[in-house]
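Taking the hints into account, I'd like the entire structure generated from these sequences.
Just so you know, the sequences run in chain order A and B. Heads up: the first sequence at position 76 corresponds to 61 in the working numbering, and the numbers run straight through without jumps. To convert, count from 1 in the second sequence and add 33; that's the working numbering.
It is possible that part of the hints are untrue.
[Claimed, not checked] Short, incomplete list of chain B residues facing chain A, as computed with Cβ under 7 Å:
1. 73
2. 74
3. 78
4. 81
5. 85
6. 165
7. 209
8. 213
9. 215
10. 221
[To be verified] Sample of chain A residues with no beta-carbon within 10 Å of chain B, all distances over it, derived:
11. -6
12. -1
13. 9
14. 24
15. 32
16. 35
17. 48
18. 59
19. 62
20. 66
21. 72
22. 81
23. 84
24. 95
25. 103
Hints listed in this document are in silico derivations from the structure and should not be mistaken for laboratory results. Every value quoted in this text rests on a predicted model; they were computed, and no experiment measured them. All C-beta atoms in this analysis are idealised placements derived from N, C-alpha and C, irrespective of residue type, glycine included.
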Amino acid sequence: MSKFRGFSLIEVTVSIFIMGVIILLLQALIQSGVLLRISKSQSIALSIVQNKLESLRADGYAALPPSGTFSDSLVSALPQAATTTLTVSVYNAQTKQISASVVWRDPGATASSTVSLSTLITETGGLP
Amino acid sequence: MKFSPRTIPSAFSLIEMIIVIAVGTTMLIILGVLIFNFNKTAIYQQTLSQSSGSASALMREIKLFAFPASAVLQTHTFSSATHTSTSTSLVLKIPSTNSSGAVITNTYDYAAFYVVGTNAYRLLETDALSTRTSGTKLLSSTISALAFTYNTTDFATVSSVTIDIRTQASTPQEILTDRRVEQLRLRNY
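This is the structure:
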């Protein structure tokens, strides 16, 4: 038996396995941080669009704005370059379909996230 | 095979010892850094979900009562204490509902939302016929500011409330804040 025999296959396998587990754990931890940030942003975005639909419903059918963007004090709480979109389309003679959405991209996320809500607003009825 | 006495290794050489100690120390340092970072990240994530989660939970709970409410009361005497609607507390009068979801006429439940320190509570007092359950509930323990703004100064005619919730939670490294603002219209006004 030689004095300098190197590592055995078992030793190498075990060490690669241990390194792999540690790297996977670290990766999972980083990924869960990104997911958590996305979920926080999602909750803020949901708050923004719900508030918008609520105010449109309260203002009533006659005051519905044309399609475009809208502002909200919470947009600044989302990551940079978050955009808001409001789409107003005719559903039938006395009803309009409203869709409010927020698009943003969290740091570390691979794709943009969107939260979108839509509702119908009719000529009669509504909130006080 | 026959060993001559000269070739039998009697102990580790100095070089071997130095290498073993160096490798051992490096591994220990790496492990220490890993454990430290795991811990730091775990605390950060826990705190973030606490501050963000409790802000939306509080907003959800206020909505649950503000939407069906018929009025914002300036003051109401609950069995435990009297609560007043101010910029930091809200008292709601809500029509009671029976088990099938129908409104019971002239019967009301009363809810108060208020902050003590960093804790936000909801106090609910229900009519005997109501399906809601009376009691005090802790909604959030990370409140830094809770503000209510009413659409009119006269409480008899208030039909909408703007709720501004700010939460704050801190880790040893930083302070995490979150905010929700929504204007809610009373559906039964």
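Hint-by-hint comparison with the structure:
The beta carbon of residue 73 of chain B is not positioned within 7 Å of any beta carbon in chain A (closest approach about 10 Å), and the interface hint is therefore violated. Given the 7 Å rule on beta carbons, the hint for residue 74 of chain B holds: about 5 Å separates it from the nearest Cβ of chain A. A least Cβ separation of about 5 Å between residue 78 of chain B and chain A falls short of the 7 Å threshold, and the interface hint therefore holds. At about 6 Å, the closest approach between the beta carbon of residue 81 of chain B and any beta carbon in chain A falls short of 7 Å, and the interface hint on this residue holds.
Here the hint on residue 85 of chain B is kept, as its CB sits about 4 Å from the closest CB of chain A, short of 7 Å. Hint status for residue 165 of chain B: violated, given a least beta-carbon distance of 23 Å to chain A, over 7 Å. Taken as an interface hint, residue 209 of chain B does not check out: its beta carbon lies about 9 Å from the nearest beta carbon of chain A, beyond 7 Å. Interface hint at residue 213 of chain B: satisfied, since its Cβ lies 5 Å from the closest Cβ of chain A, which is below the 7 Å cut-off.
A distance limit of 7 Å between C-beta atoms decides the matter here; for residue 215 of chain B the minimum to chain A is near 5 Å, and the interface restraint holds. Of the supplied interface hints, the one on residue 221 of chain B is violated, with its beta-carbon coming no nearer than about 9 Å to a beta-carbon of chain A, more than 7 Å. For residue -6 of chain A, the requirement that its beta carbon stay farther than 10 Å from each beta carbon of chain B is met, with the minimum near 20 Å. Residue-level check passed: residue -1 of chain A sits 14 Å from the nearest beta carbon of chain B, beyond 10 Å.
Separation of residue 9 of chain A from chain B is adequate, the least Cβ-Cβ distance of about 13 Å exceeding the 10 Å criterion. A cut-off of 10 Å between C-beta atoms contradicts the statement that residue 24 of chain A is not in contact with chain B; the least separation is 8 Å. With a cut of 10 Å on Cβ distances, residue 32 of chain A falls inside the contact zone with chain B, its closest approach being about 5 Å. Not every beta carbon of chain B lies more than 10 Å from that of residue 35 of chain A, the smallest distance being close to 7 Å; the non-interface claim is violated.
Distance check on residue 48 of chain A: its Cβ is at least 14 Å (rounded) from any Cβ of chain B, clearing the 10 Å threshold; non-interface status holds. Once the 10 Å rule is applied to beta carbons, residue 59 of chain A is inconsistent with being away from chain B; the minimum gap is 6 Å. Not every C-beta of chain B lies more than 10 Å from that of residue 62 of chain A, the closest at about 6 Å, which undercuts listing it as non-interface. For residue 66 of chain A, the shortest C-beta to C-beta distance to chain B comes to about 19 Å, beyond the 10 Å cut-off, and the non-interface label holds.
No Cβ of chain B comes within 10 Å of the Cβ of residue 72 of chain A; the nearest lies about 21 Å off, and the non-interface call holds. Annotated as non-interface, residue 81 of chain A keeps its C-beta farther than 10 Å from every C-beta of chain B; the closest such distance is 19 Å. With a least CB separation of 19 Å from chain B, residue 84 of chain A remains clear of the 10 Å interface cut-off, as annotated. In this structure residue 95 of chain A is separated from chain B by more than 10 Å, as the shortest Cβ-Cβ distance comes to about 19 Å.
No beta-carbon of chain B comes within 10 Å of the beta-carbon of residue 103 of chain A; the shortest separation is about 18 Å.
Hints 1, 6, 7, 10, 14, 15, 16, 18 and 19 from the list above are not met by this structure, while the remaining hints are.
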